[in-house]
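Protein chains: 2
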Amino acid sequence: MQTADAAGHVFDATIALSPLDGDTFTGHTHPAYANMVGPFGGAIGATLLNAVMIHPARLGDPVALTVHFAAPIKDGDFIVAAKPMRTNRSTQHWLVELSQEGEVAAYATMVTATRRDTWGTTESSFPDVPGPDSLPPTPRIPQTAWTRSYDMRFIEGGLDGKRSAEEPSRTRLWIRDEPPRPLDFQSLAAICDAFFPRIFVRRPKWIAVGTVALTTYFHADAAQLAAVGTAPVLGQARASRFEQGFFDQSAEVWSAAGTLLAVSHQVVYYKE
Amino acid sequence: MQTADAAGHVFDATIALSPLDGDTFTGHTHPAYANMVGPFGGAIGATLLNAVMIHPARLGDPVALTVHFAAPIKDGDFIVAAKPMRTNRSTQHWLVELSQEGEVAAYATMVTATRRDTWGTTESSFPDVPGPDSLPPTPRIPQTAWTRSYDMRFIEGGLDGKRSAEEPSRTRLWIRDEPPRPLDFQSLAAICDAFFPRIFVRRPKWIAVGTVALTTYFHADAAQLAAVGTAPVLGQARASRFEQGFFDQSAEVWSAAGTLLAVSHQVVYYKE
Numbered sequence: 001m002q003t004a005d006a007a008g009h010v011f012d013a014t015i016a017l018s019p020l021d022g023d024t025f026t027g028h029t030h031p032a033y034a035n036m037v038g039p040f041g042g043a044i045g046a047t048l049l050n051a052v053m054i055h056p057a058r059l060g061d062p063v064a065l066t067v068h069f070a071a072p073i074k075d076g077d078f079i080v081a082a083k084p085m086r087t088n089r090s091t092q093h094w095l096v097e098l099s100q101e102g103e104v105a106a107y108a109t110m111v112t113a114t115r116r117d118t119w120g121t122t123e124s125s126f127p128d129v130p131g132p133d134s135l136p137p138t139p140r141i142p143q144t145a146w147t148r149s150y151d152m153r154f155i156e157g158g159l160d161g162k163r164s165a166e167e168p169s170r171t172r173l174w175i176r177d178e179p180p181r182p183l184d185f186q187s188l189a190a191i192c193d194a195f196f197p198r199i200f201v202r203r204p205k206w207i208a209v210g211t212v213a214l215t216t217y218f219h220a221d222a223a224q225l226a227a228v229g230t231a232p233v234l235g236q237a238r239a240s241r242f243e244q245g246f247f248d249q250s251a252e253v254w255s256a257a258g259t260l261l262a263v264s265h266q267v268v269y270y271k272e
Numbered sequence: 001m002q003t004a005d006a007a008g009h010v011f012d013a014t015i016a017l018s019p020l021d022g023d024t025f026t027g028h029t030h031p032a033y034a035n036m037v038g039p040f041g042g043a044i045g046a047t048l049l050n051a052v053m054i055h056p057a058r059l060g061d062p063v064a065l066t067v068h069f070a071a072p073i074k075d076g077d078f079i080v081a082a083k084p085m086r087t088n089r090s091t092q093h094w095l096v097e098l099s100q101e102g103e104v105a106a107y108a109t110m111v112t113a114t115r116r117d118t119w120g121t122t123e124s125s126f127p128d129v130p131g132p133d134s135l136p137p138t139p140r141i142p143q144t145a146w147t148r149s150y151d152m153r154f155i156e157g158g159l160d161g162k163r164s165a166e167e168p169s170r171t172r173l174w175i176r177d178e179p180p181r182p183l184d185f186q187s188l189a190a191i192c193d194a195f196f197p198r199i200f201v202r203r204p205k206w207i208a209v210g211t212v213a214l215t216t217y218f219h220a221d222a223a224q225l226a227a228v229g230t231a232p233v234l235g236q237a238r239a240s241r242f243e244q245g246f247f248d249q250s251a252e253v254w255s256a257a258g259t260l261l262a263v264s265h266q267v268v269y270y271k272e
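In order, the protein sequence lines correspond to chains A and B.
Numbering of the first sequence is given in UniProt numbering, commencing with residue 1 and proceeding in unit increments.
Numbering of the second sequence is given in UniProt numbering, commencing with residue 1 and proceeding in unit increments.
None of these hints come from the bench; they were simulated from the model.
Heads up, the beta-carbon is just placed ideally off N, CA and C, and yes, glycines get one too.
A couple of the hints might just be wrong.
[As the list claims (entries may be wrong)] Here are the simulated distance ranges between beta carbons:
1) 256(A) x 256(B): 19 to 27 Å
2) 144(A) x 226(B): 36 to 44 Å
3) 131(B) x 206(A): 42 to 50 Å
[As the list claims (entries may be wrong)] Listed next, the in silico EDC-like pairs over lysine to aspartate or glutamate satisfying Cα-Cα at most 20 Å (straight line):
4) 83(A) x 103(B)
5) 162(B) x 123(A)
6) 271(A) x 221(B)
7) 271(B) x 61(A)
8) 271(A) x 123(B)
9) 271(B) x 123(A)
10) 271(B) x 75(A)
11) 271(A) x 61(B)
12) 74(B) x 61(B)
13) 271(A) x 117(B)
With the rest of the complex left out, here is chain A:
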């Protein structure tokens, strides 16, 4: 197992932002998280989240993140501007914009909040799956560099045609950063976008696809994420409907101990 070197983990370099002023930052795409064209969307979403995490006015921890992939992002530099739209006593609402050459290429809205103890319960069920150590790592996809930045072990619904009979586009896998990195909100946000487009599971055929918008709800606080450490998390994704050029997919991300860390939903464009 590799570990991050003293210079820090490549994911941290990927989501790094340098302040220009209080609300504005500069960043750049990283080849370790490149997709077939442009950067992996999960890394962009994590970068937009990171702008709020390092913002001096932030109140509390992330509760909700919606990312709009508004236009293709070019490899290279970008500017990120984050502003609180409204700050309440215990919740705060944000708008974050990523621009290149003066045009918005992606933007996000967020809710951060001070969390506190309440009654709680989980209604979703942790699936009946083999542990990560009993499964081989899935070979990376050569055309997508970002898949080399994750250790993925598919239980079902990979790109090898092994599918669930009752839910043909369902995927279950163990996933962690490669090299290992302690889980935090930024890496969890990226993992929530690491599920392949459901149409490739449902109907193996090469077509043009792209996430249009993605929403993640965080159900864990920083301490629950820290408790996961560098261990793999269990991801599960499914689709509801494919119709006239767009489909939706929903994912759950669980710790091996059975804590539902986040749920995520996205709508994806497809060409045919």
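Add chain B to chain A, keeping to what the hints say.
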């Protein structure tokens, strides 16, 4: 069965906006869609969507809508500003802000797109439920005026304690506008927020709650919505996790003919 009078349906009056300039409109809350405090969130979301629907620069039909309820909205007037963040060949990304007294109280992001014929399928299943005519209308909740603007017929998961054994917070109901009104994107957006907070189904007890952010993906085009007409639609909602002051809930809205019209997800604040 009542019908709308010649002056138009009260829902249209509720979401009505008057142009101030190309991007800016004025609107006002309506007593028929009042909640216990302030307006019903579904009516606010539909109003923000309506700003895009009537905007002269709109490209295509709604695909995604995310609404942030950033602060309490006061009964009375408000200003809505809608702007395209990025316009592509077949998709368009929007930001819409609702302000009162110079402060943002709610805002939304949207994707609109030109839809076209592609391969398609539905993976979610229409539930096995009795038809709407075999069920009595559910009594309205006196404290929430907006519930009088809907005909709701609960199959399970109403506020009467009749719950699903396997999913304790699940609701299934038939719902339509009251008086009847032909379904369109605006009314479907409002119906997607008409599911009671899951915590009241799961744990009947009066506590303070409020939707923080809501995302809806539209799976139907205008023709599929028009085909529903004024008939009731089947709604189904469930929760994943309740934790430290926030829970998520997800909903599906189906036509009686078995078309999945929309899916919707929200994160809700709760006090204890």
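Worksheet entry | Unmet hints by their number, sorted upward, for this structure | Hints 1, 10, 12 not satisfied by this model.
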